[in-house]
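Asker: Sequence:
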Amino acid sequence: MSTHINHLSSEDLLDILLLSHNATAIYTGDDIIVQSANDAMLKFWDKGKSIIGLPLIQAVPSLKGQPFIDMLKKVWHTGNTIEGVDAEAVLEVDGLLQTFYYDFSYRGIKNPDGSTRCILHTATDVTERYLSKAREKLLNDELIITNRQLNRSQENLLLMNSNLAQSEAQLQFAIDAASLGTWDLNPVTNKFSGNDRLKLWFGLEPEEEIELTKATDVIAESDKMRVIAAIQHAMQFASGGDYDVEYTIINPKSQIPRIVKARGKALFNIDNEAIRFSGTLQDITEERKAREELTETNQRLQLALDAGKFGSYDLDLETGEMLCTEQCKLNFGRPLDKPFNFPDLMDVILPEYHKFIDKQIKNAVKHNTVYNAEYQIRWPDESRHWIRAAGKPRYNEQGKAIRMVGVTYDITESKMNEQRKDDFISIASHELKTPVTTLKSSLQLLNRMKDDPSPEMLPKLIEQSNRSMEKISSLINDLLNVSRMNEGQLHLNKSRFNISQLLIQCCSHIRASDKYDLIFDGDTALEVLADEDRIDQVVVNLVNNAVKYAPNSPRIYLSVAMEGDTAKISVTDNGPGILPEKLPHLFNRYYRADYSGIQYSGLGLGLYISSEIVRKHGGKIGADSEVGKGSTFWFTLPL
Numbered sequence: 001m002s003t004h005i006n007h008l009s010s011e012d013l014l015d016i017l018l019l020s021h022n023a024t025a026i027y028t029g030d031d032i033i034v035q036s037a038n039d040a041m042l043k044f045w046d047k048g049k050s051i052i053g054l055p056l057i058q059a060v061p062s063l064k065g066q067p068f069i070d071m072l073k074k075v076w077h078t079g080n081t082i083e084g085v086d087a088e089a090v091l092e093v094d095g096l097l098q099t100f101y102y103d104f105s106y107r108g109i110k111n112p113d114g115s116t117r118c119i120l121h122t123a124t125d126v127t128e129r130y131l132s133k134a135r136e137k138l139l140n141d142e143l144i145i146t147n148r149q150l151n152r153s154q155e156n157l158l159l160m161n162s163n164l165a166q167s168e169a170q171l172q173f174a175i176d177a178a179s180l181g182t183w184d185l186n187p188v189t190n191k192f193s194g195n196d197r198l199k200l201w202f203g204l205e206p207e208e209e210i211e212l213t214k215a216t217d218v219i220a221e222s223d224k225m226r227v228i229a230a231i232q233h234a235m236q237f238a239s240g241g242d243y244d245v246e247y248t249i250i251n252p253k254s255q256i257p258r259i260v261k262a263r264g265k266a267l268f269n270i271d272n273e274a275i276r277f278s279g280t281l282q283d284i285t286e287e288r289k290a291r292e293e294l295t296e297t298n299q300r301l302q303l304a305l306d307a308g309k310f311g312s313y314d315l316d317l318e319t320g321e322m323l324c325t326e327q328c329k330l331n332f333g334r335p336l337d338k339p340f341n342f343p344d345l346m347d348v349i350l351p352e353y354h355k356f357i358d359k360q361i362k363n364a365v366k367h368n369t370v371y372n373a374e375y376q377i378r379w380p381d382e383s384r385h386w387i388r389a390a391g392k393p394r395y396n397e398q399g400k401a402i403r404m405v406g407v408t409y410d411i412t413e414s415k416m417n418e419q420r421k422d423d424f425i426s427i428a429s430h431e432l433k434t435p436v437t438t439l440k441s442s443l444q445l446l447n448r449m450k451d452d453p454s455p456e457m458l459p460k461l462i463e464q465s466n467r468s469m470e471k472i473s474s475l476i477n478d479l480l481n482v483s484r485m486n487e488g489q490l491h492l493n494k495s496r497f498n499i500s501q502l503l504i505q506c507c508s509h510i511r512a513s514d515k516y517d518l519i520f521d522g523d524t525a526l527e528v529l530a531d532e533d534r535i536d537q538v539v540v541n542l543v544n545n546a547v548k549y550a551p552n553s554p555r556i557y558l559s560v561a562m563e564g565d566t567a568k569i570s571v572t573d574n575g576p577g578i579l580p581e582k583l584p585h586l587f588n589r590y591y592r593a594d595y596s597g598i599q600y601s602g603l604g605l606g607l608y609i610s611s612e613i614v615r616k617h618g619g620k621i622g623a624d625s626e627v628g629k630g631s632t633f634w635f636t637l638p639l
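As numbered in full-length UniProt numbering, residues 1 to 639 make up the sequence shown, in order.
Since the hints were derived computationally from the structure, they do not count as laboratory data.
Please note: incorrect hints may appear among the correct ones.
[What the hints assert, rightly or not] Here are the in silico distance ranges between beta carbons for each label pair:
1) GLY564 x ALA229: 53 to 61 Å
2) LEU143 x LYS224: 23 to 31 Å
3) ALA290 x GLU382: 48 to 56 Å
4) SER50 x SER193: 42 to 50 Å
5) LYS616 x ASP316: 49 to 57 Å
[Stated by the list, open to error] The list that follows gives simulated cross-link-like pairs (lysine-lysine, DSS-like), each with its CA atoms no further than 30 Å apart:
6) LYS329 x LYS392
7) LYS49 x LYS400
8) LYS289 x LYS253
9) LYS110 x LYS392
10) LYS400 x LYS421
11) LYS616 x LYS582
12) LYS191 x LYS137
13) LYS110 x LYS74
14) LYS450 x LYS548
15) LYS253 x LYS224
16) LYS133 x LYS110
17) LYS289 x LYS199
18) LYS309 x LYS392
19) LYS494 x LYS620
20) LYS366 x LYS421
21) LYS309 x LYS261
22) LYS421 x LYS515
23) LYS261 x LYS289
24) LYS47 x LYS64
25) LYS400 x LYS415
26) LYS338 x LYS289
27) LYS515 x LYS460
28) LYS137 x LYS49
29) LYS309 x LYS355
30) LYS515 x LYS616
31) LYS582 x LYS629
32) LYS110 x LYS400
33) LYS400 x LYS440
34) LYS415 x LYS191
35) LYS362 x LYS400
36) LYS515 x LYS494
37) LYS494 x LYS309
38) LYS338 x LYS359
39) LYS568 x LYS515
40) LYS329 x LYS355
Because the structure is a prediction, the values reported are computed rather than measured.
Note that beta-carbon positions come from the ideal geometry of N, C-alpha and C, so glycine has one too.
Full structure from sequences and hints, please.
Answerer: Here is the structure:
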């Protein structure tokens, strides 16, 4: 079984991007229509959600005369990304035109055909950074020119400290917003400090510095050595200092397991020795659970599809390319190692179904409904099969159907059973009609001669009526036996008896005809525990079957032998034999080796009834045959 992991679509990724704390907007069209903008971007523009759907120049008029609109149009037409650093922009904020500086990216998101689907705009307000750099430059220039102006230098130093404090505050805000734990390890002392969240997760006391072992002791045993090895690797200069690992921690106080993702970086001195190792910790427990549940759901779905022999497909309605599971290809008799696309599918479908399938697909696409169809196909070996297919269209953001996803199922056996059932009803009607008609004719003649019976005709009519009644009774008994088996009401009265005696004494009606010799061979002392009447019924059915289908075989051989802990009973004829492809179906209900209803009489239920009786006894039943060399029908019974 294959394991499939679902990937996020482009639309899902864009929706997620809009949740980012970074300013993000999405545009479409040559007029640069604002399709989406998150709160951070709207704050930059000093606008509300009402601008969504407007051209950007209309939504933010202060951009007129600035290069940004032309840049966006260029991205729309070419699909190429344009990025900028420290870009100056004049925006109207709080009713005043103000100058800001941004790092920005205009990224073209493309369709499969290479055209631009939309533009993803991300921006970071770096005004403070830009101004800080400007101030730093100014300060450096002044320090070079006026090295003796210590007072001014002191003021600039204070300003820089203030900016640093503000940056640290912003960083802390970002850490809190992302619910991150932070840590800072001193490789020399092997002690680390962490924020309150990290200490809470690890169940640690709020000391300033903590031994590293107190943190590693909380890591699950199955992950501990791997994490320690990752830390040691990151603090080697050759590793580049990168640290990225996922593991489970178990809080020593609450015993609650938590899956975390740790990322960090080691810093090195000029001697390539680690002097600092710091980073963040993210709780990914829910994310991991969701991912595992999704994987488990997909696995259960695949198991259900495999168990039911359902094949699944994903059809690109524009290109005709089709992704298929192995079972889907098997349903159509296709090699597993070769592609199977829509043109290939239509080639194997019989031509008379093409218009019907085209109509069903178009109707499903038009009304966004499930496509359902049953049709015949031709395998490479020229055999015909029936397929049931279902699918559901998928649409793009413009409302155009671009894919059809669904399942296929081979219903050949079901169709054959329906046909056999229909044939059986036809045969049953014919078989019952013939003896009833004969009986009716006999009774009418008897009624006419009741006052003056003919000594010659009367015995013949009575004998004829009896034969018709026996035929009708036999047919009705077969039908009743099948009904009982379907309802699970076939009861057995088991006793121990000599199976050879049953074979020697059975089928008196065949022996009395003097047309066939029933020849017995085998273990005359073998006894079985079974329902003697039911086993006699099985043997009679098998002998009748030999008489019917091998009428030119005057000798029928009955044998019994012990095989392991079972007795094997066989009925062999020297008739024409049975084709190999028909052997597996002989004991199926409604199946007849020749069920045309013309050459042979009877309902064709004898072998099915026999197989059910044998299986009810815990035995097996089968047939061996070679065309032109006769057939052997056999069954086994536990001793």
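Asker: Now tell me, hint by hint, if it's right for this structure.
Answerer: Structure-based check of each hint:
1. GLY564 x ALA229: 53 to 61 Å: Holds - the Cβ-Cβ distance for GLY564 and ALA229, about 59 Å, lies within 53 to 61 Å.
2. LEU143 x LYS224: 23 to 31 Å: 52 Å, violated
3. ALA290 x GLU382: 48 to 56 Å: For ALA290 and GLU382 the Cβ distance comes to about 49 Å; the hint holds.
4. SER50 x SER193: 42 to 50 Å: At roughly 47 Å between Cβ atoms, SER193 and SER50 fall inside 42 to 50 Å, so the hint holds.
5. LYS616 x ASP316: 49 to 57 Å: 53 Å, holds
6. LYS329 x LYS392: With a Cα-Cα distance of about 19 Å, the restraint between LYS329 and LYS392 holds, given a limit of 30 Å.
7. LYS49 x LYS400: 28 Å, holds
8. LYS289 x LYS253: The hint holds at about 23 Å.
9. LYS110 x LYS392: 25 Å, holds
10. LYS400 x LYS421: 45 Å, violated
11. LYS616 x LYS582: Since the Cα atoms of LYS616 and LYS582 sit roughly 24 Å apart, the hinted pair holds (cutoff 30 Å).
12. LYS191 x LYS137: With Cα atoms ~38 Å apart, LYS191 and LYS137 exceed 30 Å; violated.
13. LYS110 x LYS74: 14 Å, holds
14. LYS450 x LYS548: 37 Å, violated
15. LYS253 x LYS224: 19 Å, holds
16. LYS133 x LYS110: Roughly 37 Å separates the two Cα atoms, so the pair is violated.
17. LYS289 x LYS199: 23 Å, holds
18. LYS309 x LYS392: 19 Å, holds
19. LYS494 x LYS620: Status holds; Cα separation ~17 Å.
20. LYS366 x LYS421: 38 Å, violated
21. LYS309 x LYS261: With Cα atoms ~40 Å apart, LYS309 and LYS261 exceed 30 Å; violated.
22. LYS421 x LYS515: Violated - the C-alpha atoms of LYS515 and LYS421 are around 34 Å apart, more than 30 Å.
23. LYS261 x LYS289: 14 Å, holds
24. LYS47 x LYS64: Measuring from Cα to Cα gives roughly 16 Å; hence the hint holds.
25. LYS400 x LYS415: Between LYS400 and LYS415 the Cα gap is close to 36 Å, so the pair fails against 30 Å, i.e. violated.
26. LYS338 x LYS289: 36 Å, violated
27. LYS515 x LYS460: 22 Å, holds
28. LYS137 x LYS49: 39 Å, violated
29. LYS309 x LYS355: Measuring from Cα to Cα gives roughly 27 Å; hence the hint holds.
30. LYS515 x LYS616: Violated - the C-alpha atoms of LYS616 and LYS515 are around 33 Å apart, more than 30 Å.
31. LYS582 x LYS629: With a Cα-Cα distance of about 16 Å, the restraint between LYS582 and LYS629 holds, given a limit of 30 Å.
32. LYS110 x LYS400: Holds, at about 17 Å.
33. LYS400 x LYS440: 69 Å, violated
34. LYS415 x LYS191: Roughly 75 Å between the alpha carbons, so the hint for LYS415 and LYS191 is violated.
35. LYS362 x LYS400: 12 Å, holds
36. LYS515 x LYS494: 33 Å, violated
37. LYS494 x LYS309: 40 Å, violated
38. LYS338 x LYS359: Holds: LYS338 and LYS359 sit about 28 Å apart, inside 30 Å.
39. LYS568 x LYS515: 26 Å, holds
40. LYS329 x LYS355: 23 Å, holds
Comparing the model with each earlier hint shows violations of hints 2, 10, 12, 14, 16, 20, 21, 22, 25, 26, 28, 30, 33, 34, 36 and 37; every other hint is respected.
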